[in-house]
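Given the sequences, and given the hints that come with them, work out the whole structure.
For the protein sequence lines, the chains are U and H, in the order given.
One point on numbering: in our numbering, the residue at position 342 of the first sequence is 342, and numbering is uninterrupted.
Every position in the second sequence, counted from 1, becomes a number in our numbering once 791 is added.
It should be emphasised that the hints constitute simulated quantities derived from the structure, not laboratory data.
Some hints could be false.
Chain U side only, calculated, beta carbon under 8 Å to chain H, not exhaustive [stated by the list, open to error]: (1) Ser97; (2) Trp101; (3) Val118; (4) His121; (5) Arg166; (6) Tyr169; (7) Gly173; (8) Phe177; (9) Asn181; (10) Met183; (11) Ile198; (12) Tyr201.
20 Å max Cα-Cα, derived SDA-like pairs, lysine to any residue [stated by the list, open to error]: (13) U:Lys281 to H:Ile795; (14) U:Lys202 to H:Val830; (15) H:Lys818 to U:Pro215; (16) H:Lys818 to U:Asp165; (17) H:Lys818 to U:Arg166; (18) U:Lys202 to H:Ser793; (19) H:Lys818 to U:Leu648; (20) U:Lys281 to H:Ile814; (21) U:Lys124 to H:Asp825; (22) H:Lys818 to U:Lys108; (23) U:Lys108 to H:Ile814; (24) U:Lys124 to H:Tyr826; (25) H:Lys818 to U:Tyr169; (26) U:Lys124 to H:Ile814; (27) U:Lys124 to H:Ser819; (28) H:Lys818 to U:Lys616; (29) U:Lys281 to H:Phe822; (30) U:Lys124 to H:Arg831; (31) U:Lys124 to H:Val830; (32) H:Lys818 to U:Arg126; (33) U:Lys124 to H:Ile799; (34) U:Lys124 to H:Thr827; (35) U:Lys124 to H:Ile832; (36) U:Lys616 to U:Leu648; (37) U:Lys124 to H:Ser793; (38) U:Lys202 to H:Phe813; (39) U:Lys479 to H:Tyr826; (40) U:Lys281 to H:Tyr796.
Every residue, glycine too, gets a C-beta built ideally from N, C-alpha and C.
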Amino acid sequence: MNNTNCFHCGNDIVKVDEIVFDERIFCCNGCKTVYEIFSLNDLTCYYDFENAPGATPQDIKGKYDFLENEDIVSKLLEFDEDSIRIVSLYIPHVHCSSCIWILENLHKLQNGITTSQVNFHSKKVRVTYNPIETNLKEIVLLLSSIGYEPYISLENYDAKKEAVDRSLYYKIGVAFFCFGNIMLLSFPEYFEVGEFWIEQYKGFFRWLIFALSLPAFFYSAWGYYVSAWKSIKSRMLNIDIPIALGIVVMFVRSTVDIAFNYGQGFFDSMCGLIFFMLLGKLFQQKTYNFLSFERDYKSYFPIAVTKIHSDGTEEAIQVYDVEKGDRLLIRNQELIPVDGILMSESTRIDYSFVTGEAEPIEKKSGDKIFAGGKQLGKVIEMEVLHSVSQSYLTQLWSNDVFQKKVDQKYKTITDSLSRYFTPALLILAFVSFGYWIFIDTSMAFNVFTAILIVACPCALALTAPFTLGNVLRIIGYKKLYLKNATVIEQLAKVDTIVFDKTGTITSNKKSAIEFFGTPISETELILVKNILRGSNHPLSRRLYEFLPQTGIKKVEHFEEITGKGISGTIDGKTVKVGSAEFVGKEKDNQIKQTSVHISIDNNYLGNYVFDNQYRKGLEKLFFNLSKTHDVKVLSGDNEGEREVLERLLPKTTELVFNQKPEQKLAFIENLQRQGKNVLMIGDGLNDAGALAQSNVGISITENVNVFSPACDGILDASQFPKISYFLNFSKNAMRTIMMSFGLSLLYNVVGLSFAITGNLSPIVAAIIMPLSTVTIISFVTVISNLFSKKD
Amino acid sequence: MSVIYLLISISIVVALVFLYIFIRAVKSGQFDDDYTPSVRILFDDELKKDQNKSEKQN
Chain U
1 MNNTNCFHCG NDIVKVDEIV FDERIFCCNG CKTVYEIFSL NDLTCYYDFE NAPGATPQDI
61 KGKYDFLENE DIVSKLLEFD EDSIRIVSLY IPHVHCSSCI WILENLHKLQ NGITTSQVNF
121 HSKKVRVTYN PIETNLKEIV LLLSSIGYEP YISLENYDAK KEAVDRSLYY KIGVAFFCFG
181 NIMLLSFPEY FEVGEFWIEQ YKGFFRWLIF ALSLPAFFYS AWGYYVSAWK SIKSRMLNID
241 IPIALGIVVM FVRSTVDIAF NYGQGFFDSM CGLIFFMLLG KLFQQKTYNF LSFERDYKSY
301 FPIAVTKIHS DGTEEAIQVY DVEKGDRLLI RNQELIPVDG ILMSESTRID YSFVTGEAEP
361 IEKKSGDKIF AGGKQLGKVI EMEVLHSVSQ SYLTQLWSND VFQKKVDQKY KTITDSLSRY
421 FTPALLILAF VSFGYWIFID TSMAFNVFTA ILIVACPCAL ALTAPFTLGN VLRIIGYKKL
481 YLKNATVIEQ LAKVDTIVFD KTGTITSNKK SAIEFFGTPI SETELILVKN ILRGSNHPLS
541 RRLYEFLPQT GIKKVEHFEE ITGKGISGTI DGKTVKVGSA EFVGKEKDNQ IKQTSVHISI
601 DNNYLGNYVF DNQYRKGLEK LFFNLSKTHD VKVLSGDNEG EREVLERLLP KTTELVFNQK
661 PEQKLAFIEN LQRQGKNVLM IGDGLNDAGA LAQSNVGISI TENVNVFSPA CDGILDASQF
721 PKISYFLNFS KNAMRTIMMS FGLSLLYNVV GLSFAITGNL SPIVAAIIMP LSTVTIISFV
781 TVISNLFSKK D
Chain H
792 MSVIYLLISI SIVVALVFLY IFIRAVKSGQ FDDDYTPSVR ILFDDELKKD QNKSEKQN
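The structure is reproduced here in structure tokens:
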């Protein structure tokens, strides 16, 4: 056990707050309480699976009162009958086996819970309970008290209970069943040497194979016919046309073959083909179901708010029922659901969801407050100005960009290639047919079908899904999560990169404060902390929060001089905190960084330097990117940081300030009109429009699971310096695809030369087809893995 | 010689049984989450061991 970390949550312990209980140390009372709950109920096994797996429970008094409202509860329930209720709760903290264990043992902590089941990937727990013995609010409170607070948002409210689509699995199962059996049954004839015995049962084997191929042909491959038909109708030639054509021709030809006793047909190749292609589809489809890429404001908004009636009574009502003129009660850490006017004296609001700016903004009574902000501090009251659907944030969301269906926005590389492939194939087939018909009529039909069969671009169709699927997996492992494989193709084409400033190239972490000077003692620290308490200056607030918790002491002669600093007397000692001149130190012009100087009794101690909070590796990243791409920085803030940025970033970087969300969107649109492929990297909701508009929108987040606007990809903030690597890698991925396209075309040429000359026997088809498939798959896997190692 | 018909039909039936089991398994949601069950299966043992321990201590 590590001595300096909390036994429960693993956080560093500040000496002053350390709690020793049961021979174990905890960082705060909350963690201790969780431990107590577990040990009382004989559940300390929790700590066996993983070291320090817990989370500190948050203070949530009153937050879940809305769960007493039966209307709201019934919307959340998955199943509801007299004595059984089932609810699925999303719990972001689920991260290890201890979590699974404790969440599946909930019934030991609370009567009335019958079972609970965790789905690790989607971070959901499905709780079955008896509504007579317990209720949803109690369960949610229990979960919160052990550090697993569920995330209930407006999204849960009208989420349709979607049936899981498992048809691809069925199709693969059926195709494999057909493929396997037909393969075995076809074997005897491949090795036929005119044996009497095989000759005798030929008919039986062949018709059995025919029967077995029917489910694969009609059921498993059905999707390809539909897609081919659709693409013909919409006049967009995609890769599914030659595939469907190949399958159908193969089936008809084989049926004719066995019906007229010409040969055994290609049923095994056909089923194998269908099976492998479905497998490729599955590979491409298997993306990260625990991440949500389609977030809109609903996933941020609370499901219910507390309304204050004119007679002073409080009631939890649904967010959609909020009307203009209502008075709402907003607690600490709660999100403001609608635009309104602050009625309470003052508060601080954290708009980091909206703007990415981590610094809370001070609001006074009568100020307008906007939806999406997080309230920090005491309980406030507000008066509603707009209903949810009319608030600023929702309006931003109803911008046209979000209505666009992204599916058909781009043509994939395979589709654009097949535009040439399909006509070329058909021309080749007809030309050969025309040539052979003058020589031998039956041979002409043979050649015609053989060409369509062998040229069936299975390898071609498999290349992209397998390469991109593999690349998707590799970069997912490196913590860039892309929505789907087409994003990689887009990423490879990007020539312009636009960064949001706040929250994207700057970090939200508060820890970027460092002390320089003579080491400061604990008693001196107490003095500094106490003097800071009285100041409302942003830097004081940040430093105050950065310093460890201490006891409260009375400050005398407190004075705050605007633009200079604060001073005061504690225990007879004069403490000064502020600018260098103010504390009596000569100003040195060397460092331009923001810093706060400290002196006690006119004795200069040193200064706290506030890192300008740009992400690590920023300079190098921009330097690398600007060699190959156009790099731009968009910011919603004023020009205050221009000088710093200009010094930090390459000369070619364009800096644009004072951009409202709509302007950011227009900026991207404008670039696209100039024919640029734009990659937008942003974070807050104010970038949502720009992210949706850009060719590729990637959102940066410190917590991958909870907060990110709708986008094409989610990047873990720690991986920020790797952006240029990801861009390179996606380019190499496309290179891999092109290489294997070449390889599969080579196979096609070889196969076609057999087919055109009229030499395609089933055994040749049976060898060439699976061989090409297997080599293509292994080729792209090996090559893309090799490229991933390259920095 | 007709035993071949019998053998082949038996083998097809066996294969069909496997297909049926596979489809049942998919339908039951077995492939929806492929991580949790693999962890869950380890829990019982740990728990028993712990109970034994506490019994011994008592």
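Contradicted hints - numbers only: 10, 11, 13, 14, 19, 22, 23, 26, 28, 33, 37, 38 and 40
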